[in-house]
Amino acid sequence: MSDSNAGGTGVQRGPAMVGRDRELRLVTEALLHPPAVVLVEGDAGVGKSRLVLEAARVLGSHGARVLTGMCHPLREPFPYGPVIDALRAAAPLMAARAPVVAAAAPLAPLLPELAPWLPDPPDGGAPAVGRHAMVRAIRALLESMQAVTLVVEDVHWADEATRECLLLLARDLPPGLGLVVTYRRQDLPSGAAPLGSAYSRPPGVTGAVVPLQPLDGPAIAELVSNALGRPAADGLARAVFERSGGIPLVAEEDVHALAALGGLSGDGSGGSAAQAVDEAGALRSAGVPRSLREVVADRLAALSAPERAVVDAAAVLEVPSSEPVLARTADLAAGDAQAALTQALRRGVLSEHPGLVYGFHHVLYRQAVYDDIPGPVRTRLHRRAVGVLLEESPPPLVKVAHHARAAGDGEAWLRYAKAAAEQAAEVRDDGTAVTLLNDILQHPNLTAEDRSRAAVALSEAVVTRIEYRRSTALLRRILHDPQLAVTARGEIRLTLGRLMVNQDDDPDGRLQLERAVEELGEERPEKASRAMVALALMDDTTAREQRRWLERAEQLLSGSGDEAAWAAFTVNKLSCLASRGDPGVWAGLEALPRTGPAPILFETARGLYNGGEAAALLGDDRRARRLAEEARRLGERLESDILTGYARGTLFHTSWRQGHWAAAQAEQAALRADYPDLVTVQWEDKLIAGATAVARGELAQGLDLLTDIVRSGTGRHVLWEAAAWISRVRLTQDDPDAAWALLAGPLAQMRATDHWAAGHPLISVVVRTALLLGDAGTARDVVESAEEATADCDTPAARAALHTARGLLCAGTDPVRAGTELGRALTLRRDIGRPYDTALAMEDCAAVLAATAPEQAVDLLNQALGTYEGLGALWDADRCTHALRGLGEIHPQPRGRTGYGNELSPREAQVARYLARGATNKEIAQALFLSPRTVEQHVSKVLRKLGVTRAAVPGIAALPPEAGPGGSRSQDGR
Numbered sequence: 000m001s002d003s004n005a006g007g008t009g010v011q012r013g014p015a016m017v018g019r020d021r022e023l024r025l026v027t028e029a030l031l032h033p034p035a036v037v038l039v040e041g042d043a044g045v046g047k048s049r050l051v052l053e054a055a056r057v058l059g060s061h062g063a064r065v066l067t068g069m070c071h072p073l074r075e076p077f078p079y080g081p082v083i084d085a086l087r088a089a090a091p092l093m094a095a096r097a098p099v100v101a102a103a104a105p106l107a108p109l110l111p112e113l114a115p116w117l118p119d120p121p122d123g124g125a126p127a128v129g130r131h132a133m134v135r136a137i138r139a140l141l142e143s144m145q146a147v148t149l150v151v152e153d154v155h156w157a158d159e160a161t162r163e164c165l166l167l168l169a170r171d172l173p174p175g176l177g178l179v180v181t182y183r184r185q186d187l188p189s190g191a192a193p194l195g196s197a198y199s200r201p202p203g204v205t206g207a208v209v210p211l212q213p214l215d216g217p218a219i220a221e222l223v224s225n226a227l228g229r230p231a232a233d234g235l236a237r238a239v240f241e242r243s244g245g246i247p248l249v250a251e252e253d254v255h256a257l258a259a260l261g262g263l264s265g266d267g268s269g270g271s272a273a274q275a276v277d278e279a280g281a282l283r284s285a286g287v288p289r290s291l292r293e294v295v296a297d298r299l300a301a302l303s304a305p306e307r308a309v310v311d312a313a314a315v316l317e318v319p320s321s322e323p324v325l326a327r328t329a330d331l332a333a334g335d336a337q338a339a340l341t342q343a344l345r346r347g348v349l350s351e352h353p354g355l356v357y358g359f360h361h362v363l364y365r366q367a368v369y370d371d372i373p374g375p376v377r378t379r380l381h382r383r384a385v386g387v388l389l390e391e392s393p394p395p396l397v398k399v400a401h402h403a404r405a406a407g408d409g410e411a412w413l414r415y416a417k418a419a420a421e422q423a424a425e426v427r428d429d430g431t432a433v434t435l436l437n438d439i440l441q442h443p444n445l446t447a448e449d450r451s452r453a454a455v456a457l458s459e460a461v462v463t464r465i466e467y468r469r470s471t472a473l474l475r476r477i478l479h480d481p482q483l484a485v486t487a488r489g490e491i492r493l494t495l496g497r498l499m500v501n502q503d504d505d506p507d508g509r510l511q512l513e514r515a516v517e518e519l520g521e522e523r524p525e526k527a528s529r530a531m532v533a534l535a536l537m538d539d540t541t542a543r544e545q546r547r548w549l550e551r552a553e554q555l556l557s558g559s560g561d562e563a564a565w566a567a568f569t570v571n572k573l574s575c576l577a578s579r580g581d582p583g584v585w586a587g588l589e590a591l592p593r594t595g596p597a598p599i600l601f602e603t604a605r606g607l608y609n610g611g612e613a614a615a616l617l618g619d620d621r622r623a624r625r626l627a628e629e630a631r632r633l634g635e636r637l638e639s640d641i642l643t644g645y646a647r648g649t650l651f652h653t654s655w656r657q658g659h660w661a662a663a664q665a666e667q668a669a670l671r672a673d674y675p676d677l678v679t680v681q682w683e684d685k686l687i688a689g690a691t692a693v694a695r696g697e698l699a700q701g702l703d704l705l706t707d708i709v710r711s712g713t714g715r716h717v718l719w720e721a722a723a724w725i726s727r728v729r730l731t732q733d734d735p736d737a738a739w740a741l742l743a744g745p746l747a748q749m750r751a752t753d754h755w756a757a758g759h760p761l762i763s764v765v766v767r768t769a770l771l772l773g774d775a776g777t778a779r780d781v782v783e784s785a786e787e788a789t790a791d792c793d794t795p796a797a798r799a800a801l802h803t804a805r806g807l808l809c810a811g812t813d814p815v816r817a818g819t820e821l822g823r824a825l826t827l828r829r830d831i832g833r834p835y836d837t838a839l840a841m842e843d844c845a846a847v848l849a850a851t852a853p854e855q856a857v858d859l860l861n862q863a864l865g866t867y868e869g870l871g872a873l874w875d876a877d878r879c880t881h882a883l884r885g886l887g888e889i890h891p892q893p894r895g896r897t898g899y900g901n902e903l904s905p906r907e908a909q910v911a912r913y914l915a916r917g918a919t920n921k922e923i924a925q926a927l928f929l930s931p932r933t934v935e936q937h938v939s940k941v942l943r944k945l946g947v948t949r950a951a952v953p954g955i956a957a958l959p960p961e962a963g964p965g966g967s968r969s970q971d972g973r
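Residue numbers (numbering that gives the first Met the number 0): 0 to 973.
Rather than coming from a laboratory, the hints here were simulated on the basis of the structure. Check before you lean on any hint, since a few could be wrong.
[Said to hold, decoys possible] The calculated label-pair distances, taken between Cβ atoms and stated as ranges, are:
#1 H659 x S321: 49 to 59 Å
#2 G244 x P201: 33 to 43 Å
#3 A662 x A586: 27 to 37 Å
#4 A668 x A542: 35 to 45 Å
[Unchecked claim] Using 30 Å as the maximum straight-line C-alpha spacing, the simulated BS3-like pairs for lysine-lysine come out as follows:
#5 K921 x K944
#6 K921 x K940
#7 K921 x K685
Cβ coordinates follow ideal geometry from the N, Cα and C atoms, glycine included.
Using the sequences and the hints given, assemble the complete structure.
Encoded structure:
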C-alpha cells in the first residue's frame, strides 16, 4: 500500500500495478501537459488510489510535485479541509520561492507551516473570509508553486465548500496546475456531479475522465503472479478471480492472507498442475472468504487484546484520530495504547495519516473491522467516544452526534445534532447544516415545536445556496409535514416562493407567496410583509396591484421596530419604483446605508442590484454599471453567491449592449462557470447568445435559442426582448404574420401590467409589424398607451423607442415629421451608448431620407455598416450593403468577370463565412438578398475552390481575408 508526499514519489508500493496501462497513460499524459483536470471514478477497492500513486511516480520522474488531501466520511464544519491538509505538506516546494502574492493572505492562519512565505492576514488577525476570497487565495498559492499536481481523494465525502473550491479551480486553473479528483459515484449525493455541478473542461485545459472497472481474469492472474513472485497456476488465479470479483484490493488481500497462513509455496517454480490444485484448495479450505471483511477478520485474529482494542477504537471513531483519542476510546493506559498502536501499524492493520493521526488505509478495512466487533462492545465504544470527543475544545459536534446515535441514545443524538446544526450555520457551512437538519426532521419523537424550528432553520440554510432545483424540491417535501406549525409553514413557503420567483420566474411562486401571507398573518408581520412586497415585485403584477401590496405591507409593519424588516420593505419599494422608471428612486438608492449589521447591508446590496438591473432595462447603462458594481462588491463582502452572481449578470448584460461583444463573451463564460445553477442568469445568457448569433448571421442557431426563451414562459423582460429579436428576423424575411403571431402574447402582457417603460424593445417592432399588416389603429394605440404610461418616467430607451414608433407612423404621410422623430430617436440612442441600437436607428433614418436626401441616407448607412462590421454583425452588415446597392453606392461586378481564378470572389467569401457558421442555402439567400438558385451556384464554387465538402467548411481554421466582416465592402467598389 502507499501514500504520497510533497515530492510526489514518496510511495510504499506493493506488487506492480496491473491492467491499468491505458488508464495510467491517460492520467499521466494529461498531467504532464498542465493545466489539466483528471477525474478518477470507481468502486471501493478497485484501485483509484493506486492509479494516482503510480501517476505520481511518473510525474516525479519528470520533476513535477504532488500534494494529496483526503476527504473523510465524518467531518466538522471546516470548509476546504482536504485542500488545506494537502497544502500543509507544501513547504519543500516553497523553500526557494519569494513570498506569495497578497491574495493568499487568508490562508496564513490556516497554514502556519507556510508562514515564511505567506503574507500576513488582513489586520493581523483571522477574520471571516468569503468563499470566493478563499478560493482565490488557494489558487494564488498553487499558482506560485508552478508545476504541481493537487490530488483530492474520496470527493464523494467532500463538504460543500471543498467541492465548490475544486469546481472553481477546475474552471480557472493556474497554468502549471494539475488537478486530480477520485470518487465513488454511487456514494455521491443523489443526482450530484463529482464537483457538485456539471463541469466541462475550458478551452486549453487537458484532462480525462477515467472510470475504473474491476480487472478481468488475465489481469488478476498477473496480479497474483506479482504477489507470489512467480507465475501463478491457472487454478489459483481462477480461484482468486472468482473470490475477488476482479477487485484488485480484495485479490491482493486474499493472496497475502493465504501466504500468511502457509497455504502457498514459495519455491519460485512455475508450479505443476497438482500444486495448482493444492494452492486453490488451500485458499478455500483455509476459510479465507471471498470478501475483504473475512480477510480482515483473519488478520484481526492474530492481534493481542490491547492491539484489538486500539483497532476496534479506530474502527468506531471512523476517521483517522490521534493517539490520545484512540487510547481513551479503547480505555487503555497511555503506555499500553502506544505499544498496541505501534504493533497494529507494523502489522499493516492501521496506517499513519498526515498530522500524526491513525486509521485504516482503506474504508473497506475499517468496515470489515467494525462489522466484526460484537454489538455490546460496539455500543460501549460509541458511548466512550462521545465522552472522549466532548473533552476536545471545541468539541466536534458532528462526530459526537454520530456516536450518540450509533450508541442508541436518541435523546443525546438529538441534542448534539441540534448543537452541531447551529455550529454549522454559524460558520456558514450550509451543506452540513442541511444534512443535520434533514436528519433531525426524521426523528420520530421530535416535538412539534422542535420540528417547526428545525424546518424553518432548514429553509433558511437552503435559501443562500445556488442549487435551485434541489433547494425547492427539499422545501416542497418539508411543507408536506402535517406536524408543522402554521406560521412555520408560512415561513418555509415564503422562502420557497421567493426562490421560485427570483431564480426561475416560476408562476407557481405567486401561489406560494399568497398562501404564505395567509399563514403568517399578523403573528409574523415582518415575514408577512416580505411575502407582500415579493408579490409586488413579480413581473405580472399590475401597477394597481403593486400599490395595494405595498400599502398592505407598510400598514402591517407600522407597529414594528424590526430594523431589518423595514430595510427589506424600503428596498422592495424602491425596486418596484425603479422597475417603472420613477425618477425619484435614484436618490432613495443613494440614501441606503453602506455600513451596519449584515442583514441591513444585505438589503442594501439587494436594492443596489435591483436598481442596477432596472437602470439597464430602462436604458441608463452608466448608472446600471455603477449600481451593479457596488452590489457585486457588497455581495462578495457578505458572501452571498446569489447577489454576486446576479450583479455580475447585470454587468455582463450592459457590457454586451455597449458593444463590447468579445469581452462580454468572456464575462459570460466566467459567469456561467461560477454560477451554473442561477436559472435567471442562464436565461439572460441564452438571450445574449441567441441575439449575437442572429446578428452574426447564424440565424438557425440564434432563432433556436431565442425560441427556447419564448416557449419557456420565463421572466418578462428576457422573453419580451427575445420576441423582439425573432420578430425582426421574420420582418426581414417578409413574414409579418409570423412576427405578429409571436408579438401578440407579449403585447397583451404589456397592456395588462402597464410595464411599457421596460417593454421598449417591443414598442417599435410592434408598431412596424402592425403597419405592415395594415393595422394603423393598433399601431397608434400602442404609441398612445406607451406615451401615457411613461410620461413622467426616467426611461431613455423607451423615449427613443417612442420617437422611432412615431416616425414609423407618419413615414408614409409626413416624411419631414418622420425624419424629425427618427432623428430624435437616433440622438437618444447615441446618448445611451448602445452602438448596435444606434446603427438600427441610422438605418431607420436612412430609409426615410432615401427619397429626399439620398446623400444623407448613404452617409448614415455607411456609418451603420461600419458599426455592424466592427461588432461582427454580419447579418446586419449585409442588409446595409444591400440598401447601399439599392442607392447605387455599391455596383455589381460586370457579368463574365473571371479575374479571381481559384481565389474566392468577394461574394463567394460572403457565402463562405455563412457556410462556416452552418447556415443553409435558404438562410444565406435571405441574409444576402439573393435568389436560392444564385446561392446554389456560389456554394458550388466555394466548395470547389476550397477543396472541401460542405460539412468540412465549419472546421476550416481561417478563411481568406475577404471572408471576414466587411470583406465584401472593400472589394465591391466602395
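Hint-by-hint comparison with the structure:
Range check, H659 to S321: about 56 Å between beta-carbon atoms, so the 49 to 59 Å window is met. At roughly 38 Å, the beta-carbon separation of G244 and P201 lies within the given 33 to 43 Å, and the hint holds. Distance hint check: the CB atoms of A662 and A586 are about 32 Å apart, consistent with the given range 27 to 37 Å. Against the hinted window of 35 to 45 Å, the Cβ-Cβ separation of A668 and A542 comes to about 38 Å, which satisfies the hint.
For the hint pairing K921 with K944, the CA-to-CA distance comes to about 21 Å; that is within 30 Å, so the pair holds. For the suggested pair K921 and K940, the alpha carbons sit about 17 Å apart, so the restraint of at most 30 Å is met. Distance hint between K921 and K685 is fulfilled; the C-alpha atoms sit about 24 Å from each other, no more than 30 Å.
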